[in-house]
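Listed below are the residues making up each chain.
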Amino acid sequence: MKLAIIKYNAGNIQSVSFALERLGVDFSITDHPEEIRAADKVIFPGVGEASTTMRYLRDKKLDQVIISLKQPVLGICLGMQLMCRYSEENNTDCLGIFNETVKRFVPLGDMKVPHMGWNNLTLTNGWLDPAIENQYAYFVHSYYVPVNSTTMAITEYMHPFSAAIHQQNFYAVQFHPEKSAQTGNLVLKSFLTV
Amino acid sequence: MLTKRIIPCLDIKDGRTVKGVNFIDIRDAGDPVELASLYAQQGADELVFLDISATDEQRKTFATLVKDIARHINIPFTVGGGISSVADVGPLLEAGADKVSVNSAAVRNPQLIDELSKAFGAQCIVLAIDARKIDNSWTVHTHGGKNPTDKKLFTWAKEGQERGAGEILFTSMDHDGTKNGFALDPLHKLHDLLNIPVIASGGAGIMGHFIDAFILGKADAALAASIFHFGEIKIPDLKLFLQQNGINTRIAK
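In order, the protein sequence lines correspond to chains A and B.
For the first sequence, this note's numbering assigns the number 1 to the initial residue and increments by one for each residue that follows.
For the second sequence, this note's numbering assigns the number 1 to the initial residue and increments by one for each residue that follows.
Hints listed in this document are in silico derivations from the structure and should not be mistaken for laboratory results.
Don't be surprised by glycine CBs; every beta carbon is placed ideally from N, CA and C.
There is no bait here: all hints are sound.
If you want the ones that stay clear, here's a sample from chain A, every Cβ over 12 Å from chain B, calculated: (1) 2; (2) 38; (3) 58; (4) 91.
Straight line, CA to CA, 25 Å or less: simulated DSS-like cross-link-like pairs of lysine-lysine: (5) B:152 <-> B:218; (6) B:67 <-> A:189; (7) B:67 <-> A:7; (8) A:7 <-> B:118.
Residues from chain B that face chain A, not an exhaustive set, calculated with beta carbons under 10 Å: (9) 40; (10) 41; (11) 73; (12) 76; (13) 96; (14) 97; (15) 167; (16) 191; (17) 194; (18) 195; (19) 218.
Using the sequences and the hints given, assemble the complete structure.
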């Protein structure tokens, strides 16, 4: 199996590639449309700000490449948010793969924004290994995807939100599997076997 | 539910851990990667690596080390020590570090916090503050706590947040090394004052001190060094103890 990590200005590419290295996966980091299209699986990482990143993807025409992919694609953190229709982060039109609006956490009492640290996952159904149920994953984000019909795992911070979503060949997680210890490995393995 | 974080801190000099480390279950306690891997396996939630190298030459080793750490451990980590510009930070984050901490350079040049936050995002900028009570006032110190400044803990922490720091790492020099517990009053005050997470540091001696830091000090995370390095408190035991005392914590499977 050949996996492609989409190369762009995302902050966590190195960490994602190390995680795959530890799992013994053969991968390349690339922004060549042909190489991305030819991969068996694709990872769309992401750490950064939505509008800048969308502009970068459009300039490189990677937005069109991503939405046209037919193989399994895993979005991580900002990657997940950009797969949605629209983000409140600087009012950004995103890729529109998931018909959802990405919302900002509004600070509430003692609850701080960003939501940062380890939080547990409640699986609804779908592609994630059942062993992940109620395990902890590492989150860092100020924006979230509300619970919707594509939600595969729920986490609570102020209110429930989507920790994982899935629709057709598109999979995505809000947390960082590359930094989520054993739980993260299980998530990546779940994606590698879908 | 979001958990409270336990953070071992490793001091690094010339690519090696320096603070006395006494571990029977690892081969080379001076190897930061091996020690870090052990902590990750034991359930540490994050790690902090502080480069205390004196020279630029030694610091070059640090960037290589950061990449080696990222290659081997699968939990988030912060690196700090001698960071004074945007140019210092890029290579560390690209190497796989999740956050950087700034201390003396930010006191000297507060604008640095704005620049780093704008360039890399608030979530990866930790403002480390070393403070000691002088004449009933928490006074910020720089250079590993050697030099007193005219800054005060609470106003500096608040300014740091406003300038774009994503987290405050507060070390009480009055408590550091005493093993008598964390500085609970200023921690609680920081919690009330700020809306970014606060990491408690300095004074951990027994497991109960962590409970105090979380409940009375309202800290989001607690950091310690020697008690972990010398095995006086083992992370799995600590996590279990926290859980038994009603603190939300991540128990590694």
